[in-house]
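Asker: The primary structure of each chain is shown beneath.
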Amino acid sequence: MDFHLSEEQEMIRDSLVGCYSQCNSDELLVQKYDREPALDDELWRAQLALGLTGVMVPESLGGLGMDLLTLAVAAEVSASYAVATPMEYQCLAAWAIACSDSQTLIETWLQPIVLGEKIATLALSDEGAEGGPDSLSTHDGATVSGIRRFVPFAAEADIAVLTLGDGKLGLVELRHDSVVREAVAPLDRSRPVCHLRLDSTPVVIFPEALAQRLYDAALILHAASAFGAAKRCLDMSVEYAKVREQFGQLIGQFQALKHQLAHMALDTEPARFLYWYAAHCWDIETEDARQMAALCKAHLGEVAVDTARAAVEVHGGIGFTWELPIHIWLKRAMADSAIYGTPARQRARSAELARW
Amino acid sequence: MDLELSESHLAFQEEVENFLVSNWRSDLAKDPEAISVFRRTATGAGYLYRNVPEIYGGSGQSPDVLKAKIIRESFAGVRAPREMPGVGMMMLVPTLLDCGSELQKQSFIPRTLTGEYRWAQGYSEPGAGSDLASLRTKGELVDGHWLINGQKIWTTMAHKCTHMFALVRTEPDAGKHAGISYLLFELDQPGVTIRPLKQMNGDKEFCEVFFEDARTPADWIVGERGEGWRVSKSTLKHERNSVGAASGSKDLFDKLVKQARKTTLNERPAIEDPLVRDRLAKIQGHVMAHLCAGYYQLSCDAGGADAGIVGLMNKMNTTVIGHEIAAAASEVIGDSNLQMPDYKVGRPGAEKWVNQQMLSLAAALGGGTSNINLNIIAERGLGLPRD
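Chains as they are written, first to last, in my numbering: chain A, 1 to 356; chain B, 1001 to 1387.
These are calculated hints, taken from the structure and not from any lab test. You may find that some hints are simply not true.
A few chain A residues that don't get close to chain B, going by computed Cβ distances all over 12 angstroms [stated by the list, open to error]:
id, residue
1, V179
2, A209
3, L257
4, E302
5, A348
What the simulated footprint calls covered on chain B by chain A, stretch by stretch (three residues with Cβ under 8 angstroms from a Cβ of chain A suffice, anywhere in the stretch; the number is not a length) [as the list claims (entries may be wrong)]:
id, segment
6, 1005 to 1012
7, 1105 to 1117
8, 1286 to 1296
If you're wondering where the values come from, they're calculated on a predicted model, not measured in any experiment. Every residue gets a Cβ at the ideal spot worked out from N, C-alpha and C, and that includes glycine.
Kindly produce the complete structure, drawing on both the sequences and the hints.
Answerer: Here it is as structure tokens:
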């Protein structure tokens, strides 16, 4: 019985903290945030240099052979520095391809993705993950048509792994002529999105029905990411309460602030262990793994938005400005909460999966 | 990360289960003599009173939170008696082990373990609640005895207890905290009057206790004069049950789901109602986060590490979840809310959740109010300045 991260997982976490605190300090982040939302090349190269992309790819296929928990911890750290890269999607795409049972997919795409020569994103929908119909589908098994909204980093990505209904996954090349990538002004400028319009776009179907596993993994990563945002907002608020003075004393000395901050901590701190647990359930494929993924996404999404909103209140007027980066994490929390199904939607799924 | 038990703990689990098969039958549950025999045997086997040395009637085992968890769960599984419940075992015994004299350990610990001595906790007073150190009950040393005058309140089950451990002001000229001593005394004496208080749910668990020249021998003081505050805070170095509170929340939640399955709401089971499902799933997120934080603490305790801020959050989380469950239950049971449960006439139906509405309030008050708990989380956990 051991509910701790392994030494290796802690090492990866610490090296990411070291990397991001240099390349994406709050000062730099605030400067970057005014640019056109896009993949951050410098951070992307740094992540590639750390070899993260193959984290969930088996060692036999040239990866690190580690688990979703490891990637979730990495997602938490990336979130707490608002890192603008598609690393989590790239890693999950690599995992799905490695598990696809298709020599063609593996030979064509795995190495370029692990090496970062190609950029991959996910184009998932919550309907398709249930094993039922999906808004995207393929009639002939060779092409796919339709619209998938809000696909992260689609402007930069070379390929997308998408859900096609009935538990199926497909891979499309986004540079194909039949693909229109319609830019959208993103709420979360650290994770830009596009609408994808596919019109008889060539698709390679994965032999293995991995859509549910991939969707659940994506939910857990967004929960971990939401936690990273919440924890960052909590920490900033506590630090602010220790330096800001009003009425001749530190505001952290007022009981109203103490209780507000204690409630934020009560919501946030235990939630870390829920995303750890959900990731662990996914890794060892427990019976309730699907339900835990839904429950954890619902819980963390809501906790993160509540905590980020409270953080704005703690900071007073400055909290509402563009200048103070709290809004960066508020928007990340809102995006994590909404993507792939809102908290209420995930709770409904969780209830269904619990056979209530 | 690995939530499975190791080989050696699995073997221990089997050993405990075999012990229970040979030594416990559910029909013994109504036989007090058989229960004490069972407790003695289980202590001899090393399963009960593990943190108490053998010379004081315990089993003197080295701390192992996972073994403690296995014992708790295996015993609970067959409803076998565990250690004597109450503050005697929870608070006084660890305090005596830490700060008591040899004579005190020998006189009080063994009899507390067998249940011969049942202890009441004399801390709160009408004028000293959250601000406990402002207590005024007076102790004066006269002719080799302490004479105690004053009043305690919220004393759980005092009317069923034989003894009290109390914080008493013995040094009126010393500072607020430095004037307090930790005294032990018998409750069955002319100077002590106990009056049970009737609670909002009709039960009588709490008491007021009045002292008029109540007496206790001079050496029934734990620690030195004026050290009572420190003595009462002496660390509990035993197998902390950090998952206990969270698994209690989970059990209560599971009962609510069961209730929602069998209650009809709008002509179908309440569990099928979308609003009920949403509400339950929301609570479940909170319950699971609390439970997983418990796993983390257990894992830290087992490795001798400090779990950090989540270690301060168990009571508050249990309290908040208890409130959420009570509120959701009241939606589920509908007009059964209008009935007061009466355990005297048999097992109550859905109206038993009315009691949860009230008891969850007690949880927000007893053992440190939620408001004080929030201060502790903010000051000790988040490092905010004291006010």
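Asker: Mind verifying the non-interface call on A/L257? Its CB should be farther than 12 angstroms from each CB in chain B.
Answerer: violated (8 angstroms)
Asker: Please verify the coverage claim for the segment 1286 to 1296 of chain B: does it have three or more residues whose C-beta sits within 8 angstroms of some C-beta in chain A?
Answerer: Holds, because 8 residues of the segment 1286 to 1296 of chain B bring their Cβ atoms closer than 8 angstroms to Cβ atoms of chain A.
Asker: For the segment 1105 to 1117 of chain B, do three or more residues have a beta carbon lying closer than 8 angstroms to a beta carbon of chain A?
Answerer: Coverage by chain A is violated for the segment 1105 to 1117 of chain B (0 residues, Cβ < 8 angstroms).
Asker: Under a C-beta cut-off of less than 8 angstroms, do 3 or more residues of the segment 1005 to 1012 of chain B approach chain A closely enough to confirm the stated coverage?
Answerer: Result for this restraint: holds, n = 3.
Asker: Say whether it holds or is violated: A/A209 keeps its Cβ farther than 12 angstroms from all Cβ of chain B.
Answerer: holds (26 angstroms)
Asker: Regarding the assertion that A/V179 does not contact chain B, is the least Cβ-Cβ distance greater than 12 angstroms?
Answerer: holds (37 angstroms)
Asker: So A/A348 supposedly isn't at the interface. Is its beta-carbon more than 12 angstroms from every beta-carbon in chain B?
Answerer: violated (7 angstroms)
Asker: Looking at A/E302 again, its CB stays over 12 angstroms from all of chain B?
Answerer: The assertion about A/E302 is violated, with a minimum of 8 angstroms to chain B.
Going through the hint list in order, the structure does not satisfy hints 3, 4, 5, 7.
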